[in-house]
Amino acid sequence: MRKQALTGWLLLAPSLLLLGGLVVFPILYNAWLSLFDKHSFLPAQAFVGLKNYRYFAGDEEFWNSVYYGTVYSGATIVLQLAVGVPAALLLNEMFRGRDFLRGVVLFPYLIPTIVAVILWKWLLNDSYGLVNHLLLAAGVVSAPVAWLGKDFIMWSLIVTSVWQFFPFVVVTYLARLQTIPPELYEAARVDGAGAWRRFVHVTLPQTRSVLFVIVLLRSIWMFTKFDTVWLMAGEGGVSRYIRTLPVYAYARSFTYLQAGMGAALAVIMFVMLIVATAAYFRVFRREEALS
Amino acid sequence: MTRRPGLYVGGVTLLTLGAFPLFWMLSTALKRSDEIFATPPRLVPAHPTLENFWRLLTETNFVVFFKNSVLVSAATVALTLTVSALGAYALTRYRFCGRDTVAGLILLTYMFAPIMIIIPFYILVKQLGIVNTRLALVLSYTTFCLPFCLWLLRSFFESIPLELEEAALVDGANRRRAVWHVVLPLALPGLIAAAIFTFILAWNDFLFALVLITSDEIKTLPVGVNDLFNATIVDWGMIMAAGVMITAPAVMFFVAVQRHLVQGWGAGGVKG
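Protein chains in written order, with numbering that gives the first Met the number 0: chain G, 0 to 290; chain W, 0 to 271.
Pulled out of the complex, with its shape left as it was, chain W reads as follows (with noise of 0.2 Å):
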């Protein structure tokens, strides 16, 4: 027990490393602009306020960027899934020839980073009509997502045994009814793991937003907020109050299906 100290030393330092400087960007978002330049600073707003938040919605195209950001995401979300549902499916219950091969393939395009081919993709989304569109980012995050989704919901269904399926084949149910109904909510944890994957890559993305999207309507948030960060003198709270609300979601999201993805684990009807 005498390690105890040491223990809670180490505990309050990584709570200071991983969370102050989190916190000290919701206590700037909350402070009037006097008091965001005082000196010496004050750990809390003594006079808080949802000023700059106000200021950031009302004459920044802050919710026209949020908009698109959720619209691509969520569309991100629902096509990966889908996408990857139906690969790693075909990968575990289907035998054909070169499956291993073309497994293994798709998990060697993992290692290119997109600033490798970021030119090249410029191109062909320029080619097919298609740039300055949303249609643009969620293909391009789906195929970035793909690989690693596959590979987990691969693992996951090839844990969930035949003989469930088949015992709901013999109950006359049909394939597909059998995979929704049985193989899919057993897959749960690992949907939810792809989804959360896939949700915070297309939340977050820079270099894709970038380079595809030129006009504010369809920005997404981290392009658009680093143009308003560059835009004048910097106004420091508001652009704290615009760190706030995109951090916001992506921590909610991330904190919301942990749990689900731990009762999933917990509760799982088949032990892999």
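So here's chain G without its partners, still in its complex pose (with noise of 0.2 Å):
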């Protein structure tokens, strides 16, 4: 008995050892750095306490990245539930080519996000981008759009992300239907269900924890998310427009080089999100109560 704990504790110690040392550490030593003011790169520090939380209460910079950030993520979760659910229930049909679909669908989040980024740009620039003639085409524009100017930044980078993205409803959200009993819907047509009635009240209820579980990763995602919004800026002046918090975050660390502050924002992010993801459990179980 003895030497089986002794062999489980031994094959488990190279994963406890990676996550102990490179993520559990980093988290308390993110919190300890947060009562500083460090330089990024040099050794010097000095305790300040909460100082750096104090300065960004009154930082218009930090409210505006929460601000952006808010905008950010709840615009692309309404827009990805909004293209990936009808999509995954339409790839829950029977049809040919379903399967050669369900393939082509995933490409968008499985390739990096810099040729996600560069190709939208690439699609949205002023001058030669597709969209924009195919806007001027169709008369829907009488002159091009700066869709990546300070004006659309935003827009542009929704787009970009729910197109990076939805695929993950589509899979998830998917995996889910095929599950539900087919029992179910050869009932709600006896009773003479029409395809919308089947949808509210079949699969909607039969789908509501996948759909809860969805929402919260990805919110989590799309809170947290850098590299796609960081690639969007860009160094121009249009990234104080898009600049969200795990942005402004990173800035503070490597622009400005101040650990302690960066460390803070971080801490910041985390509890913003543990508040939201508790308020969020609640709410959702009180509507479960209720039904």
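Hints in this document: simulated from the structure, not taken from any laboratory.
Don't take every hint at face value.
No more than 20 Å apart at the CA atoms, straight line, and that leaves these computed lysine to any residue pairs for SDA-like [as the list claims (entries may be wrong)]:
| hint | chain 1 | residue 1 | chain 2 | residue 2 |
| --- | --- | --- | --- | --- |
| 1 | W | K125 | G | F253 |
| 2 | G | K2 | W | M244 |
| 3 | G | K2 | W | R94 |
| 4 | W | K125 | G | F35 |
| 5 | G | K149 | G | T171 |
| 6 | G | K149 | G | Y184 |
| 7 | W | K125 | G | K2 |
| 8 | G | K2 | W | K66 |
| 9 | W | K125 | G | L256 |
| 10 | W | K66 | W | T213 |
| 11 | G | K2 | W | L161 |
| 12 | W | K125 | W | R3 |
| 13 | W | K66 | W | H180 |
Can you join these two chains into the complex? Each is in its own frame, and there are hints to help.
Next up, the structure:
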């Protein structure tokens, strides 16, 4: 028995060592670091207590980043569901070429972020982009639109992100759809329910819990999304208009080289996520109790 | 059958949405520069050329970035599969107190986005003296893939009956041989799924590569291509060629192993 336990721990040791050293320790160190005024590359540091947090309370840039982050994650989640759920319903039907389409739909999710971003920057290019060309040809706009300028950069970012991440919704929702017993639909059909009523009375109740998980995961991931936003912003002046919290945290640490400030932003991000997740669970559970 | 047309309209819309941007990338990559900026734009290049690819391969560091990405991704897949298979085996085949608590805590670490710990992570890697090395990338990716892979393999190992292993042991095989010849082959679909997940994460990552790597010789593709993109006036043909070259391995890897994934499910001796 003793030996069994020892072997077990021994086999787990590499995993625990990596996770402990490279995730758990940095989390704790990050919290500690947020109480210091520290340069990102130099060893000099001074204990400042909660000064970094107090600074952000009155920092306009911080509140802007919270605002942009909320707009970005809110809009992308709604749109991912609006595209992903109908797509999953479609791919759950029988038709020729379905399996091929199931594979193709995954592509945007598989490609590197850098590719998704340069691709959409090309499509949305103001002078030579296909989007502007099509809109001009169709007479929707009379002059090329600067999609990557400050007025539309948030929309461009949202479109790019929805394109990149909606396949996750499709795959996850489709997996659950496939486990719904067909008898439920047959019973509804016998009762004379049309397609819409079958969706509302059979599909939706059956997929509530998976939607709960999808919204939870995607919210966390969109709120902490760094690469798509940072790459979309580029080095130019428009970056101010889509500077979400993760990008702001990165800028504090690696542009302004204020590691303590960056660490404090990471802690704030974490607390926001915990609070939002707790609230989400509570609201959802109350709804469960009602229904 | 009246719904058929609707289905096909939906299908074509979805196909356009998923594949057209990628088709446009390929089409642009194959165009001559005068065609790239032509109005109206042509869907299919009139004079397809590999000129953009040639320039990418000969005039930039692309080949170096590509090699680095292959090395780092392959090493990450190998290390992650080894470490998580050992861990998952321990979590399913050995009894010790705190086992399920440990499994729960491991899953919890999955909730932390890299951006939330990148600063202390950077400082730690610097202290260890491995900043600006491929090893730093491999260790980061392995760590961030571990929780998912451990849980995935754990569920696969759980579905393999102990009796099969015991039978092998009775037949005179030692534990290591029993694992190698009985457990791992039966868990193959799980191993493949874990490999896909890990490869794609390592191949696509931007943040760690951006923060941990500074010299051109060990940069991986995403950061390298971003540098090319920011370098001067954007050479769209060449950038799209780079996009095609980065996308192809990820998609090909997925398509190649996905078939095995499905076959594995069907051919697996054990139903879980």
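Hints, one by one, checked against the model:
no.: 1; hint: K125(W) x F253(G); in the structure: holds (14 Å)
no.: 2; hint: K2(G) x M244(W); in the structure: violated (51 Å)
no.: 3; hint: K2(G) x R94(W); in the structure: holds (10 Å)
no.: 4; hint: K125(W) x F35(G); in the structure: holds (19 Å)
no.: 5; hint: K149(G) x T171(G); in the structure: violated (34 Å)
no.: 6; hint: K149(G) x Y184(G); in the structure: violated (49 Å)
no.: 7; hint: K125(W) x K2(G); in the structure: violated (38 Å)
no.: 8; hint: K2(G) x K66(W); in the structure: violated (44 Å)
no.: 9; hint: K125(W) x L256(G); in the structure: holds (15 Å)
no.: 10; hint: K66(W) x T213(W); in the structure: holds (16 Å)
no.: 11; hint: K2(G) x L161(W); in the structure: holds (19 Å)
no.: 12; hint: K125(W) x R3(W); in the structure: violated (60 Å)
no.: 13; hint: K66(W) x H180(W); in the structure: violated (33 Å)
Violated hints, in rising order: 2, 5, 6, 7, 8, 12, 13; the structure is consistent with all others.
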